[in-house]
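> Single-letter residue listing:
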Amino acid sequence: MTAYIIRRLVQALLVVIGCSIVTFIIMHALPGGPAQAMLGPRASPVQLRAFIVQNGYNKPLPVQYWRYVSGLLHGNLGYSYHYNQTVTSLLAQDLPKTALLIGLAIVVAVLVALPLGVLQAVRRNRPVDYVFTAASFVGYAMPSFWLGILLILVFSIYLPWLPPEAPQGSTVAAVLQQPAAMILPVVTLAAVSLAAYSRFVRSSSIENLAEDYVRTARAKGASQRRVLFRHVLRNSLLPLITLLGLNLPALVSGAVIIESIFNYPGMGLLFWTAATTHDYPVLMGTSIVVAVATVLGNLIADLLYAWADPRIRHAGTG
Amino acid sequence: MAASETRTGAQAAAADAPGSRASNRSMFRSSISVFLQNRLAIIGLGTIVFMLLFSFIGPLIYHTDQIHTHLSQVDLSPRAQHPLGTNEVGYDELGRLMVGGQSALEVGLAASVLASIVGTIYGAIAGFAGGWIDGLMMRILDTLLAFPALLLLMLITSIITPSIPVMIAVIGLVAWLIPARLVRGETLAVRVRDYVQATKALGSPTWRTISRHIVPNVIGVVVVQTTLEVANAILLLAALGYLGLGAAPPATNWGQMLSDGLNYVYDGYWWLIYPPGIAIVLTVLAFNFMGDALRDSLDVRLQRH
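If you read the protein sequences in the order shown, they are chains A and B. Counting with numbering that gives the first Met the number 0, you get residues 0 to 317 for the letters of the first sequence. Counting with numbering that gives the first Met the number 0, you get residues 0 to 304 for the letters of the second sequence.
Just so you know, not all the hints are guaranteed correct.
What the hints assert, rightly or not - Using C-beta positions, here's what the derived DEER-type ranges look like:
{"hint": "1", "chain 1": "A", "residue 1": "Ala28", "chain 2": "B", "residue 2": "Tyr273", "range": "35 to 43 Å"}
{"hint": "2", "chain 1": "A", "residue 1": "Ser222", "chain 2": "B", "residue 2": "Thr205", "range": "57 to 65 Å"}
{"hint": "3", "chain 1": "B", "residue 1": "Gly267", "chain 2": "A", "residue 2": "Ser222", "range": "50 to 58 Å"}
{"hint": "4", "chain 1": "A", "residue 1": "Glu206", "chain 2": "B", "residue 2": "Asp64", "range": "37 to 45 Å"}
{"hint": "5", "chain 1": "B", "residue 1": "Asp266", "chain 2": "A", "residue 2": "Thr170", "range": "56 to 64 Å"}
{"hint": "6", "chain 1": "B", "residue 1": "Ile132", "chain 2": "A", "residue 2": "Ile24", "range": "20 to 28 Å"}
Said to hold, decoys possible - To list a few chain B residues with every Cβ distance to chain A over 10 Å, as calculated:
{"hint": "7", "residue": "Ile41"}
{"hint": "8", "residue": "Gly94"}
{"hint": "9", "residue": "Asp141"}
{"hint": "10", "residue": "Leu150"}
{"hint": "11", "residue": "Thr205"}
{"hint": "12", "residue": "His212"}
{"hint": "13", "residue": "Ala230"}
{"hint": "14", "residue": "Leu234"}
{"hint": "15", "residue": "Leu284"}
As the list claims (entries may be wrong) - Facing chain A, a subset of chain B residues (Cβ under 10 Å, in silico):
{"hint": "16", "residue": "Leu52"}
{"hint": "17", "residue": "Phe53"}
{"hint": "18", "residue": "Asp74"}
{"hint": "19", "residue": "Leu144"}
{"hint": "20", "residue": "Leu154"}
{"hint": "21", "residue": "Ile159"}
{"hint": "22", "residue": "Ser162"}
{"hint": "23", "residue": "Ile163"}
{"hint": "24", "residue": "Pro164"}
{"hint": "25", "residue": "Val165"}
{"hint": "26", "residue": "Ala238"}
{"hint": "27", "residue": "Trp253"}
{"hint": "28", "residue": "Gly267"}
The set of hints was computed from the structure by calculation and includes no laboratory data. Cβ coordinates follow ideal geometry from the N, Cα and C atoms, glycine included.
Whole structure, please, built from the sequences with the hints as guidance.
This is how it looks when you write it as structure tokens:
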């Protein structure tokens, strides 16, 4: 177990270093180099020259890379001339709101996918299973932006029940003041993952139902409910942790689209605005933060899995 | 699925020694017969053929002007001359759907084939080399996978003005990672099988081992993944178009059409919102059906269960 943790930590560290190299390379591949990217297209040659000398962009690449990494480690993600604000302060404002959106979406998706997947496994190859299998196929094929538009059409326009725009608060606390406005964005983002999660729970439950311990539990007279909740659900929940970790990048992609549909002032909207206004410091800063968060998310998922699964927890300690 | 019922042909083929020419052909034929007996596969294939005809042959029969705007005919509801109405600058929506379909299919097919070729080569090298080379190559994959595909694409398309070839290249650039990982896993698994070890012991050269044993075993996974990757590429292209980062007008794709339609969501212009969405869902669904059916028909191990 200790050896596994150490190996996994080293891997994660290497990947984080790799991510910083990727963003460093992209920054230097930008049109006009990093100085132009940061000062914007209207900077004069004199300003550019001064900026290059001042920030060491005339030094050898390894020296520049080292400067970049030590800046990152000190929380310096760059400066957006578009907002006249540091990228760190922009992200400090917007990232928590996106984390809230993604967190709520994961909770909703898991809470629906678990019972749905187990139900499909129990009623395998019956009408209920077919209906939800068909639904998850459509779910895979459904672009989130179209689903978002359809939900706005149905629940805000045809039936005026929910607001079509997400909460506009600048802090998480302010966003939580308008829970009704959060429903459509969270449901749309949850739907993106729901199809994958429920298919996963279905197939792992089908495997678990065929295991010896289920037969033993039944033979001991355990009720169907007890077999499903104590044995099948628990064992299907475990591998779902890994899937949650692997699914993080997809959720961030989904958040960008959903924040743009519902005009939710989070990191995704920030990134989208930056992409359309060529605000490269924001794009680079956000990318590295998301990449590192993904690596950490996967690391936590793997460690959680190892900790929760006694077969892994006790492996190699004997 | 229906494929599991038809196991005899494939099973007989699997029983043959791998690599002999006759068994290759019968395996191929049995794969086709399994594929054709899968109803979803037929529906998927039919939809793809329909979409190809609709997008590429359609404009030859149904002539529309998709270059000049017609400001006297904007936002018309469906009628005889315009079966799906017109959009905010007067383009015929049905004709626009065809033009959008061309870019979706061109980019989807080309990007996924490109991704599979790059991914297969990369994965096969990593899996065959093993050791620290494999470790390094896999960490590079992990690194690139840590960046959400859509964010990378948005970053690149904000630097380079997108055209169809650029789109193919950049979507291919983010899509090769998964095939690379799959092929590497398969290569590792095949490399240690007894019959591969046996050919090595008999003095078979490396290229022969790769071409006769590794490639035939890996090709099924690659074909399935390529098909599924087409669906992903179409969705990614649509997402970029929706976000306004696609090709410049008058070029379009279904995602771009949807984002134009979103501006009129309160005006009840349903013909700008439903057709492009339905086109995306049907096409993606068709490629997913194809991929699943191909998996059933190409994976001999699966059929034995």
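> Run every hint past the structure and note whether it holds.
Outcome of the hint check:
Look at Ala28 of chain A against Tyr273 of chain B: about 41 Å separates their beta carbons, and that is inside 35 to 43 Å. Distance hint for Ser222 of chain A and Thr205 of chain B: a CB-CB separation of about 59 Å, consistent with the stated range 57 to 65 Å. Separation of Gly267 of chain B from Ser222 of chain A is about 53 Å and conforms to the stated range, judged on CB atoms against 50 to 58 Å. Judged by the Cβ atoms, the range 37 to 45 Å given for Glu206 of chain A and Asp64 of chain B is violated: they are separated by roughly 57 Å.
For the hinted restraint 56 to 64 Å between Asp266 of chain B and Thr170 of chain A, the CB-CB distance of approximately 34 Å leaves it violated. Look at Ile132 of chain B against Ile24 of chain A: about 21 Å separates their beta carbons, and that is inside 20 to 28 Å. In this structure Ile41 of chain B is separated from chain A by more than 10 Å, as the shortest Cβ-Cβ distance comes to about 15 Å. With a least beta-carbon separation of about 21 Å from chain A, Gly94 of chain B lies farther than 10 Å from that chain, consistent with its non-interface assignment.
Against chain A, the non-interface label of Asp141 of chain B is violated: not every CB pair exceeds 10 Å, the least being about 5 Å. Annotated as non-interface, Leu150 of chain B brings its C-beta within 10 Å of a C-beta of chain A; the closest such distance is 6 Å. Even its closest Cβ contact with chain A, about 29 Å, leaves Thr205 of chain B beyond 10 Å, as expected for a residue assigned away from the interface. The non-interface label for His212 of chain B is consistent with chain A: the shortest C-beta to C-beta separation is roughly 30 Å, beyond 10 Å.
Not every CB of chain A is more than 10 Å from the CB of Ala230 of chain B (nearest about 7 Å), against its label as outside the interface. The claim that Leu234 of chain B is not at the interface with chain A is violated, since a C-beta of that chain comes within 10 Å of its own (minimum 6 Å). Not every beta carbon of chain A lies more than 10 Å from that of Leu284 of chain B, the smallest distance being close to 4 Å; the non-interface claim is violated. This hint is violated: Leu52 of chain B has a C-beta 20 Å from the nearest C-beta of chain A, more than the 10 Å allowed.
Interface hint status for Phe53 of chain B: violated, as the beta-carbon distance to the closest one in chain A is roughly 17 Å, over 10 Å. Hint status for Asp74 of chain B relative to chain A: violated, with the closest Cβ pair at about 17 Å, above 10 Å. Here the hint on Leu144 of chain B is kept, as its CB sits about 7 Å from the closest CB of chain A, short of 10 Å. Proximity of Leu154 of chain B to chain A holds as hinted, the smallest CB-CB distance being about 5 Å (cut-off 10 Å).
A least Cβ separation of about 9 Å between Ile159 of chain B and chain A falls short of the 10 Å threshold, and the interface hint therefore holds. For Ser162 of chain B, the shortest C-beta to C-beta distance to chain A is roughly 17 Å, which exceeds 10 Å, and the interface hint is violated. Checking Ile163 of chain B against chain A by beta carbon gives a least distance of about 20 Å; that is not within 10 Å, so the hint is violated. With a cut of 10 Å, the hint placing Pro164 of chain B at the interface with chain A is violated, because the nearest CB-to-CB distance is about 18 Å.
Restraint check, Val165 of chain B versus chain A: the minimum CB separation of about 14 Å is more than 10 Å; hint violated. For Ala238 of chain B, the shortest C-beta to C-beta distance to chain A is roughly 6 Å, which falls under 10 Å, so the interface hint holds. Because the closest C-beta pair between Trp253 of chain B and chain A is about 9 Å apart, less than 10 Å, the hint holds. At a threshold of 10 Å, the smallest CB-CB gap from Gly267 of chain B to chain A is about 8 Å, leaving the interface hint in force.
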